[in-house]
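Protein chains: 2
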Amino acid sequence: MAASAEIEEGTRLQPKFDADGLVTAIATDAATGELLMVAHMNAEALAKTIASGEAHYFSRSRKKLWRKGEESGHTQRVIEMRVDCDQDAVWIKVEQGGPGACHTGRRSCFYRAVPLGQSGEVTLAFRDADRAFDPAKTYKPDR
Amino acid sequence: MAASAEIEEGTRLQPKFDADGLVTAIATDAATGELLMVAHMNAEALAKTIASGEAHYFSRSRKKLWRKGEESGHTQRVIEMRVDCDQDAVWIKVEQGGPGACHTGRRSCFYRAVPLGQSGEVTLAFRDADRAFDPAKTYKPDR
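Order-wise, the sequence lines are chains A and B.
Residue numbering for the first sequence follows the numbering used here, starting at 52 and increasing by one per position.
Residue numbering for the second sequence follows the numbering used here, starting at 52 and increasing by one per position.
Be careful, since some hints might not be right.
The list treats identical chains as one, so a pair stands whether inside a single copy or across any two.
30 Å max Cα-Cα, derived DSBU-like pairs, lysine-lysine [as the list claims (entries may be wrong)]:
#1 K114 x K99
#2 K67 x K191
#3 K99 x K67
#4 K67 x K188
#5 K144 x K67
No lab work stands behind these hints, which were simulated from the structure alone.
Excised from the complex, chain A in its bound form (with noise of 0.2 Å):
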């Protein structure tokens, strides 16, 4: 294992999997910073990320390599990659194509806020989460 320092202050790419072989990857609109959504990349989905500049994730459900939008047509054009510290997580700015990265219809995967300051069960109240696109005709109904 490498030491911290190279890690953190290093010029090299040397990726730290979880025990599944994954990365977190955080998406934002590159135009607006807005939060898209978060997934997760094996070091597969990371090259092609890398080697494409398409964002290529890794389904966690489906456990299946995935190119964003090779079902919606929501593909995710790359614009800039960052790793953090620990190497541990990536953050891509993307040119979201079509009308959103979310699955259930939303321009967002984060469409409800979470009240604060309250203990136990908490109630959720929906923010920008009208549907910018239909999932019933943008996936197929296997999915």
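Here the structure of chain A is known, so what remains is to put chain B in place on it, guided by the hints.
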């Protein structure tokens, strides 16, 4: 396990903790939108963050709950919290106390860019990497 529709379209917070009992937590600067850090919360860290409005995380390396800034003084006051579609990630927009969020002394943990359009080994480029504070003077030596 709750049905997908209830998790995605419901108003009940029911975080999908991973095998280690964690959700991903993304902290951005509430004023500038800058991505500051990516960390994790267990159920206790999430509950304390919601109740207090101060960011709490669970350190995977140190295996303990941690109130951001408890050692450095660089606390994070949460202005808004959101949860994503499948409830395995939360986004907190924070007022970052002190000069920076990263334990290396930078404002953000994402101070290196990954060049695109390349295959094989890539060389990182430092970006916005000036130190905002001196970590040696901020953290105890046994950290």
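query: How would you label the pair K144, K67 (within, between, both, or neither) given a Cα cut-off of 30 Å?
result: both (20 Å within a copy, 26 Å between copies)
field: 30 Å Cα threshold - placement of K188 relative to K67
entry: between (38 Å within a copy, 27 Å between copies)
query: Given a CA cutoff of 30 Å, do K99 and K67 count as a within-copy pair, a between-copy pair, both, or neither?
result: both (17 Å within a copy, 28 Å between copies)
query: Quick one: K114 to K99, C-alpha cut-off 30 Å, is that within a copy, between copies, both, or neither?
result: Cα proximity of K114 and K99: one copy only (17 Å, versus 33 Å across).
Intra/inter-copy verdict for K67 and K191 if alpha-carbon distance must be at most 30 Å: Between. Shortest inter-copy distance 25 Å satisfies the 30 Å Cα cut-off; intra-copy 34 Å does not.
Violated hints are absent here; each numbered hint is respected by the structure.
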